[in-house]
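Using the sequences and the hints, build the whole thing.
Protein sequences, first through last, are from chains A and B.
Residue numbers are given in UniProt numbering: position 311 of the first sequence equals residue 311, and the series is strictly consecutive.
Residue numbers are given in UniProt numbering: position 368 of the second sequence equals residue 368, and the series is strictly consecutive.
Simulated from the structure, these hints should not be mistaken for laboratory data.
Check before you lean on any hint, since a few could be wrong.
[Said to hold, decoys possible] Label-pair ranges, simulated between beta-carbon atoms:
hint	chain 1	residue 1	chain 2	residue 2	range
1	B	470	A	273	54 to 64 angstroms
2	B	388	A	801	17 to 27 angstroms
3	B	250	A	973	21 to 31 angstroms
4	B	349	A	647	35 to 45 angstroms
5	A	272	B	388	25 to 35 angstroms
Model, not experiment: these values are computed from the prediction.
Glycine included, every Cβ here is placed at the ideal spot set by N, Cα and C.
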Amino acid sequence: MKRGFSFLSRVCLHSLWMLLLSLVAVSQSRTITGKVTETPGNTPLPGVTVQVKGSTKGTQTGPDGTYKLEVPQGATSLVFTFVGYKREELLITASGTANVSLSADVTALKDVVVVGYGTQKKSEVTSAVTSITAEDFRQSGARNALDLVQGKVAGLQISRLGGTNPNTGVAIQLRGVTSLTGSQQPLVVIDGIPNGNLDLLQQDDIESISVLKDGSAAAIYGTQANGGVILVTTKRGKKGPARVDYNTYFRKEYVQRRPDFLSADEFAAKIASGEIPNATDKGHRTDFVDLLVDHGNLSQYHNLAVSGGNESSSYRASMYYQNLEGILKENERRQYGGRISINSKGLNDRLTTQINLATNFNKANRLTDGGNLAGYYAFQPTYSPYNADGSWYFETTSTNELARLFQQTNMRQQQTSSGDAKLTLDLVKGLKASLFGSLQRDSWTDGAYADLASELSKETYQGTGYASQNNEMSNKYALEPTVEYNISINNKHNITAIGGYSYRYEVYQGFNANNYGFVNDRFEENNLNAGNQLKLGKAGMGSYKNDNTLVAFFGRVNYAFGTKYMVSAILRREGSSRFGANNKWGNFPAISAGWNLKEESFLHDASFIDQLKLRAGYGVTGNSGINNYSSLVTMGTGGNYINPDGVWRQTYGPNKNPNPDLKWEKKAELNVGIDYGFFRGRLTGSVDVFTRKTSDVLESFTAQLPPFVTDNVYANVGTLKSNGFELTINSTNVDMKDFRWTTDVAFSTATTKLAKFSSSLYKATYKEYGGIGGFGALGNAIRTYEGGKLGNFYGKRFAGFTEDGLWQFYKKDGTKASADQLNSATDFAVIGNAIPKYYLSVTNSFKYKNWDLRVFMRGRLGYDVLNTMEMFYGTKKQLPNNVLHSAFTKHAQLKDGYQYSDYYIEKGGYMKLDEVTIGYNVPFNGNKYIHNMRIYFTGGNLATITGYSGNDPDFIKDTGLNPGIDALNNSDNRTPYMSTRSFMFGLNVGF
Amino acid sequence: MKQFRKIATYTALALLPVFANSCTDLSENLYDQISTDEFYANKNEVVSAVLRPYTHANAWITPSGQNGWWRLSELSADQLAWPQKGRHGYDDGNWIRLHYHTWTVDDAPIRDCWRLVWMGTGFCTTAIENIEKRDASAMGLTQAEKDGYVSELRLLRAFHYLRILDLWGNVPIVTKVGEPTSPPTATRKEVFEFVEKEIKDHIDKAPHLSKALLGRMSKEGAYAMLVELYLNAEKWSGTARWDDCIAAADNLRYGPVGGVNGGLALDTNLIDTYAPDNSNLAKETIFAIAYDFQISDFAPSWTGDFYHFVQGKINGNDRNGNDGVVVIPGVYTTFDPADKRKKEWILEGPQWEYNSADTIPVITTGNEYDGEQLVFVDNIRRNKANSTVSNMTEGEENSGVRFNKYKLGSIKDPHYRSTDWAVYRLSWVYFAKAEALMRKNGGVATQEAVDLVNAVRQRAFDKKVWDTHKYTTATLTMDELLAEYGREFIFEGYRRQELIRWDKFTNGTWWDHKASENFRTIFAIPQNQRANNDSLKQNPGYPN
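Right, here's the structure in full:
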């Protein structure tokens, strides 16, 4: 694979350099000369446009920042402009030289925000939209593009449940839960590609991430927008000479906050003292979990980008290589790929073409995902993973996780690619027609093998090995023609209108096969037919294919009266193949308005106010994120049974009850907000208050049995209601020549209730989530009654232990009883809530000359966690397996079995020092070859302030319907992973 | 630029037809699924729908590891229990409440069992409706085949209702899919009459049992259903039907009967009925759920409930379990030492690895007896801590003697994991007739009844000792008959029915169980169903 990469990179680099050389600008005759540099740092700025004021005459600075310009008679001054920098004007003096220094215009970049199907001036935005640009991204080395904005957007919850596991994504949710069974995640749109694949994004290729938070902004995306919309814009080439940027980092992870199990010596001492009566000291002293830790882990990332452009076209191409290593052995992801964007103008500047191509090749070692930790934490530590003769120690009641790492493989090789093109034709003044088309293909091959001698093979496959391969391929197509019209009447009435059609088709297909009965380990999964079970009938094979279509017509009209009043209206009419025959199409309208109070005469004199805009929006969105074919009654397989001819054949029966009325979930949201700016930009930000109601929420209801066939009906019955408040503050505390200190705060709070859960046809008294799993089948931890809050822990109330160490719980009448005498409907109670009430993040940035320091803290507050770790391992019942110290201290009294109750509910709130970055911009005054270089050092997850006694609370799920359960066991899709502290060295260089 | 224009034009032209054709088309393309409407198009499809309820019945009629008829019937009775053993087996208190008869209207075992059995009736009804409404020729069937399938399905549906009648008594009677919604509760007597009528209406059209009907409902199966229905008629409908029970049983003993392996007859040993190859050996099986792991991958799933964590070593295979169901203390000792069923069907004492001639001990790991030999003991208490307290929460991994009646075979057995699970066997019909004869006779054994029970029992004793162990009209009391039912049919799921007929289910006491309320002879209607259907009445005694 390595060889492949270097060859590919060579070819690409050569071709890119050729391309670049051909595009370098040519200079003109001389009159005025000068040099443009950048402050701070005094590095030359190439590509700056130098224009004679009041004429079309102009030029650009060369690679060394110098320019020469012939100036006509009568010219008085020159104008210097460069995207992302403040504009400067300079009087032409007799000397014939004009040097200037440009400083970055931070606000300019943020002036325009990306909204659905277009951009908008920030001052004219009328709905809740937050845009984060590259400079504000988290810098601890993204494993997933959305890691970059974790904690940066008020109301956007991102949690990395998989810790440093590079093969997991993030759990993401905007403004709370919007669906019970459908998609809860925001729609990701990458450069216009709907449902964009995040694998295609590398941190240095992203220009900005824009989040459409409320319904009035998101309605333009119809039935995919209930979870909000995240619009990612990648970097593009800019006018000017070619530029090469190289970004890299190296990162190492260190284990922190390991659960407090007995050490081997402590365990042995307790056996000796009789405190652990039912175990024998096997003589070894093994730190089992440590055997799984990859202490030599090192992750690295390299990204090389070339960009440039001229008047009519620009390009940017980047290539990257990334090797991410998790803290656990055999948990790795290597990926490489690239992204190319080309923009050009033709037809006398009337036709604009944008083409993007992106691809990602990765190879993921998935043998370890953290799921193997629990067994090893609890492994009796006087055992050894080896037998006396050096062979692996196996027993049927546990897994030798270390042996597994040596004797099994599980690899995924994946390729994801996207291509999109947009043609825009200026028809007449103000009228543009565009055609956007994209396709994305994601395909992977999984291969796994267990050696003949492996535990899996010996215990399940009679020592004959086990091999499998799975393939999946998905193709997603989108075609979106749009027409856009701009008109300005009397310079007062500005109207922008866009109308379009959207066609989307997605198709998935896959194939899998497995076999065992091998005579040797030579082929692994590469010669599946070598196993004998193909003939003997125990080999497995499967395939699938399904599709869906989404069709929509949409339009938006923005009207601005001067700069004072703005109104925006949206309508999308959309249909999905997934809906029932009676409800294929739905309408999704939105309206929002803004009022720039600052423009009013009564605030004219309030000079401390730069901006004060009041905005309000109402929008309806939908959710079509359900399984394909959800409304159809299909026949499902029921296993083989013997036919009259003695042949065993597949049986078929209906696998669903019919629901021809199945339709989208509908969210109506009202958002009121204020965008403010005070003291000449020193204090800016926004405040938003929202209330949303999601109705027709889909859920599987217990079907009436009889008369129906299967036990569930998928129906639109529920209603979810949320209210929330979000606050963003960006403050420049100190702004001196050499020193600048800014503080950014993002705060949000929201509550979601399950307002309704029954209709005349379908009734349910409550809904349960969060299977506890582990030993003793303790059922679900979370139960929500109609009208109750989501995330309520519902269970027994601890009333002390009996003298014999048996559990006592309160009954409804206050008396004490043992667990089996309690009635869950009457004696159980709400004993906590797993959904954080408050999210807070604070970024403090300091700049001193060429140094910068950023301290980023974030946290969740006001919620409870079920400490499953104490529940299962803080008890002597777990002996002779290893236990937490607390089994002998805090829970020493306990002699009973496992019980779920408020005894194990703890406060989960925390604040963590998530990132500290120290950076230095190396000054290259007048260096011809390098025009900027930044080195930085980042510490990640440095400290956590919390009262929670279990694992790192940051890794506990806070999204969805089953949050707040510590993940020491593997149940309910929880995967335990180790918390780590990371240290990273990074370098950015621009040539 | 020229090139761009060209590309643009061609792209636009190429995309245009796509656009025009599929502008608003939202049809779904089924690739790997098939809609019910399109199904039943050939004979194999019809058969695959007819057989669907059988694979489903595995889940609820056998000890499949799911909450079905078996768990409710056995874990609430006096022979088997699932006590908490160390850190394992509390399971939300489900098994404790079944044992104590303190289940609530919300308990998962009852809720799940309702769901499973009624889904089974749904699979029958949907197939009946779909086959009935289609022309025989459209399905590639003859009219006789069509009628045969419909009769079989109606009998099989009646079987579902029979067990629903057993567990809940008062339930809705529904014969169409989806109609009526919110069906009202019928009385237990009405359900009884419905089941009786359904069986009688279709018994004549159903085919005789034969090898081709292995694992299927047949005329013989229908007679066995009638035996069960009439044997319990006094409890289920309020009117005893002993003569009808005897008549139905006689149809199986003297009528023109078919069997899977020749004519129906009692097996002559304790092994054939339960062997991995029992589908080819057993002569007394009337209705069974058929399995064949070797060629179909459909294997018995009772290993989870019955087997210890390291059970595979005892049996020479790779099937281990969850160390769940054990025999209640005191049951094992009711077997006479000379009774071969005791050793053959139950595991007790030190366990040895398969084929090691009791030389290699089975070592258990990770629980109370970590690193020691596995020894099943006929008590449930914490021996490791020298405790003598014996109850549902004080077990250890080796507590209680264990199920060993049906055998999976070693992994090298050509019929490994292919053991069929008998729902009705002829031995049981013998017992049922004997019981009916005795009850008709004021609870006193007749010679015919004694002969019937002895015919079954004599397999368990060597000829040498048989004379001292056979029953006589004097020794076969009603209590003795109940005890012998227990020995012969242990693990087979009928214990609750038997206790109810002897009025001991709620009045009796055993091990950790005290007498319970009388209304507990039928289970609660699950609350989640009642929340959905206002017409569904709760059974008497349970909170409404």
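Taking the hints in turn, this is what the structure says about them:
1. Look at residue 470(B) against residue 273(A): about 59 angstroms separates their beta carbons, and that is inside 54 to 64 angstroms.
2. The hinted range of 17 to 27 angstroms is satisfied by residue 388(B) and residue 801(A), whose Cβ atoms lie roughly 22 angstroms apart.
3. A C-beta distance of roughly 57 angstroms is found between residue 250(B) and residue 973(A), which places it outside the suggested range of 21 to 31 angstroms.
4. For residue 349(B) and residue 647(A), the hinted distance range of 35 to 45 angstroms is satisfied, since their beta carbons lie about 43 angstroms from each other.
5. The given range of 25 to 35 angstroms is respected by residue 272(A) and residue 388(B), whose C-beta atoms sit roughly 28 angstroms from each other.
Checked against the numbered hints listed earlier, the structure breaks hint 3 alone; every other hint is satisfied.
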